[in-house]
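Q: Residues per chain, in single letters:
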Amino acid sequence: MTKEEIKREILRILGEDGRLSAADIAERLAVSTHEAAAAVAELEKNNIIIGYSAIFNESELPESKVKAIIEVKVRPEREGGFDKIARRLSKFPQVSSLYLMSGGFDLMLEIKGSTLQEVAEFVSSKLAAMDGVLSTSTHFLLKKYKEAGKLMEEEEYSERLKIVP
Amino acid sequence: MKNSYVAPHISSLPKSGIRDFFELVNTMEDVISLGIGEPDFITPWTIRESAIYSYEKGNTHYTSNLGTIQLRKEICNYVKNTYNLEYHPENECIVTVGVSEALDLVMRAILSPGDEVIYHEPCYVSYAPEIRMAHGIPVAVSTYEKNAFALDPDDLEKAVTDRTKAIVLNFPCNPTGAVLTQEQTEKIAQIAVKYDLIVISDQIYSELTYEEMTPSIATFPGMKDRTVFLNGFSKAFAMTGFRVGYACGPKEIIDAMMKIHQYSIMCVSINAQHAACEALKNARQDMEMMRNEYCRRRNVIVNAFNTMGLPCLLPHGAFYAFPNITSTGLSSMEFAKELLISEKVAVVPGTAFGECGEGFIRCSYATSMDGIKTAMEKIKTFLDKLKTK
Ligand SMILES: Cc1ncc(COP(=O)(O)O)c(C=O)c1O
Chain P
1 MTKEEIKREI LRILGEDGRL SAADIAERLA VSTHEAAAAV AELEKNNIII
51 GYSAIFNESE LPESKVKAII EVKVRPEREG GFDKIARRLS KFPQVSSLYL
101 MSGGFDLMLE IKGSTLQEVA EFVSSKLAAM DGVLSTSTHF LLKKYKEAGK
151 LMEEEEYSER LKIVP
Chain C
1 MKNSYVAPHI SSLPKSGIRD FFELVNTMED VISLGIGEPD FITPWTIRES
51 AIYSYEKGNT HYTSNLGTIQ LRKEICNYVK NTYNLEYHPE NECIVTVGVS
101 EALDLVMRAI LSPGDEVIYH EPCYVSYAPE IRMAHGIPVA VSTYEKNAFA
151 LDPDDLEKAV TDRTKAIVLN FPCNPTGAVL TQEQTEKIAQ IAVKYDLIVI
201 SDQIYSELTY EEMTPSIATF PGMKDRTVFL NGFSKAFAMT GFRVGYACGP
251 KEIIDAMMKI HQYSIMCVSI NAQHAACEAL KNARQDMEMM RNEYCRRRNV
301 IVNAFNTMGL PCLLPHGAFY AFPNITSTGL SSMEFAKELL ISEKVAVVPG
351 TAFGECGEGF IRCSYATSMD GIKTAMEKIK TFLDKLKTK
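As you go down the protein sequences, you meet chains P and C in turn. All letters in the first sequence, in the order written, are residues 1 to 165 by this note's numbering. All letters in the second sequence, in the order written, are residues 1 to 389 by this note's numbering.
Everything labelled a hint here was simulated from the structure, so no lab data went into it. Hints may contain errors.
[Stated by the list, open to error] Result set (DSBU-like, lysine-lysine): computed pairs, CA atoms no more than 35 Å apart in a straight line: (1) P:K67 x P:K126; (2) P:K65 x P:K45; (3) C:K15 x C:K80; (4) P:K3 x C:K146; (5) C:K57 x C:K251; (6) P:K65 x P:K3; (7) C:K224 x C:K259; (8) P:K45 x C:K373; (9) C:K187 x C:K158; (10) C:K337 x C:K259; (11) C:K281 x P:K143; (12) P:K150 x C:K378; (13) P:K162 x C:K281; (14) P:K146 x C:K373; (15) C:K80 x C:K187; (16) P:K7 x P:K126; (17) P:K7 x C:K158; (18) P:K162 x C:K373; (19) C:K373 x P:K3; (20) P:K7 x C:K380; (21) P:K162 x C:K187.
[As the list claims (entries may be wrong)] Examples of chain P residues toward chain C, derived with CB under 8 Å: (22) R28; (23) L29; (24) L161; (25) I163; (26) V164.
Here a beta-carbon is modelled for each residue, glycine too, at the ideal position from N, C-alpha and C.
Whole structure, please, built from the sequences with the hints as guidance.
A: What follows is the structure in structure tokens.
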């Protein structure tokens, strides 16, 4: 495998399971552990892999968080367009994801807070009050069924025969 | 003594060699099975969803005997793009109840009593019985580890007689995972032309090829008119339970197969046909995702066998590893039974696929990665126990 092929395969593999070690990756791709580790390091160094995190089933967490999706209309700036305001917003730890969108609004934020009040407080005092923000529309998330390709409830699985020719 | 009610050509059929073993596996709980020749993936959702839609819309009737024209068009289109083989959906393609039925149809369509059909062993368990049920004579040609289980064209030619009517090829191969090279395929094609033989090419594992795909034998000079190309949805699209396969080939043979199918089967379930259509239209990415995962598992399982001292060739297709267990001093059946009893891991003895499978076991990697890893540890433990015995 070429180095580029190894990197492409690693992105696929870690995209499905970010916890696999270089040794795990190596045996799946039939390359040396050293090659796998070097490729992962390079992907990380070049900011292609930004980080790794776990996916939770919120309804089973001991303390539940409140999440909201917020649609934001902003006034783009003459220099920097949407980037400047987006960067400013993205620095708030409450903002877990932030996207520039096509369509009826400009930015989509995912906000996490401990309580409804906390999120509401953030929206009114920080977000809506920010210079350049024209309007916000907040949608609280009620139930999560799927995230990052993973279902919250395992699909039922019918048994296979134990031996099939 | 009263004569048997059962026809002699059926009563003489051997019961599948692994029947007893199968019964034994079934009596045990918590077995990790590497003995399953079908995908562990559930059928991709887009396919299942269109089957549900098909029922909802009230599609509950018979279809054309050959299969719906939409599905045949999709199949011919797919076969053209994937295999560079052009067939007419109107009369060179038939949709069958899996490749299983297609095999049965083609044998009944072409064989007269006493005609010989050559096939290679170790192989899928149905070939010899299908030939016998059609009153033909199965002629097995062994393949060997030293040739990476490819069919040696010289061995094939030696098996040809005046009664030889056809050759069955299955590459990528169940149970060995072997493929043919371009040169080997070409030589086999030349033999088929030289002796005027039909080639039945069971390509049910072709989509699950992990390195370069060798062109189908039907693409070689003089072959298209004498090849019956068999493929299906069971393996590539994880659709074993839907029971859909197909045959493409010369009009005359497809027509004969259609006659038998029309009287004995009528048509494949309409909903399964709709699902198969969706598979070809919208599930290619799912298929690739599954193939990628099989490829990773293959690398893990082959490496594990070689590391623990059971030499195992790299299978280039299908989802079976076929390691050599002769170093243990056990026969394939002994190995499988003792491993099952000692470690609760089920594998299939190589002899289930023909006598020349002795000394090998078939391990399916259509099993979760965790299952494979646990099974490999257990097999290693089993080997260690054998050594200290
Ligand atoms: C080589 C081969 N051919 C044919 C079949 C039958 O497949 P189906 O009838 O599901 O299409 C199998 C199934 O295991 C197989 O391994």
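Q: The structure should be examined with respect to each hint, and the outcome stated for every one.
A: How the hints compare with the structure:
For a cut-off of 35 Å, the pair hint linking P:K67 to P:K126 stands: about 17 Å separates their Cα positions. Distance restraint check for P:K65 and P:K45: the Cα-Cα separation of roughly 32 Å lies within the 35 Å cut-off, and the hinted pair is therefore satisfied. Of the supplied pair hints, the one linking C:K15 and C:K80 is violated, its CA atoms being roughly 39 Å apart against a limit of 35 Å. In summary, the hint linking P:K3 to C:K146 is supported, as the alpha carbons are separated by about 32 Å, within the 35 Å threshold.
Only pairs whose Cα atoms come within 35 Å are accepted, and C:K57 paired with C:K251 is accepted, the gap being roughly 33 Å. Taking the CA atoms of P:K65 and P:K3, the gap is near 42 Å; set against the 35 Å cutoff, the hint is violated. With a C-alpha separation of about 21 Å, the suggested pair C:K224 and C:K259 falls inside the 35 Å cut-off, and the hint holds. The hinted pair formed by P:K45 and C:K373 meets the criterion: a straight-line CA distance of about 31 Å does not exceed 35 Å.
Proximity of C:K187 to C:K158 is assessed by CA-CA distance (about 13 Å); at most 35 Å being required, the pair is judged to hold. Distance restraint check for C:K337 and C:K259: the Cα-Cα separation of roughly 44 Å exceeds the 35 Å cut-off, and the hinted pair is therefore not satisfied. A C-alpha spacing of about 33 Å is found between C:K281 and P:K143, which places the hinted pair at or below 35 Å, so the restraint holds. Among the hinted pairs, P:K150 with C:K378 is consistent with the structure: their alpha-carbon atoms are about 30 Å apart, no more than 35 Å.
The hinted pair formed by P:K162 and C:K281 meets the criterion: a straight-line CA distance of about 32 Å does not exceed 35 Å. For the hint pairing P:K146 with C:K373, the CA-to-CA distance comes to about 28 Å; that is within 35 Å, so the pair holds. Using a Cα cut-off of 35 Å, the hinted pair C:K80 and C:K187 holds, with the two alpha carbons roughly 23 Å apart. Annotation: proposed proximity of P:K7 to P:K126 is violated, straight-line Cα distance about 41 Å (limit 35 Å).
Between the alpha carbons of P:K7 and C:K158 the distance comes to roughly 48 Å, so the proposed pair goes past 35 Å and is violated. Between P:K162 and C:K373 the alpha-carbon distance is near 18 Å, which keeps this suggested pair within the 35 Å criterion. For the suggested pair C:K373 and P:K3, the alpha carbons sit about 26 Å apart, so the restraint of at most 35 Å is met. For the hint pairing P:K7 with C:K380, the CA-to-CA distance comes to about 31 Å; that is within 35 Å, so the pair holds.
At roughly 39 Å between alpha-carbon atoms, P:K162 and C:K187 are farther apart than 35 Å, so this suggested pair is violated. The beta carbon of P:R28 is positioned within 8 Å of a beta carbon in chain C (closest approach about 4 Å), and the interface hint is therefore held. Here the hint on P:L29 is kept, as its CB sits about 6 Å from the closest CB of chain C, short of 8 Å. Interface hint at P:L161: satisfied, since its Cβ lies 7 Å from the closest Cβ of chain C, which is below the 8 Å cut-off.
For P:I163, the interface hint holds, the least distance from its beta-carbon to any beta-carbon of chain C being 4 Å, beneath 8 Å. The closest approach between the C-beta of P:V164 and any C-beta of chain C is roughly 4 Å, which is under the 8 Å cut-off, so the hint is satisfied.
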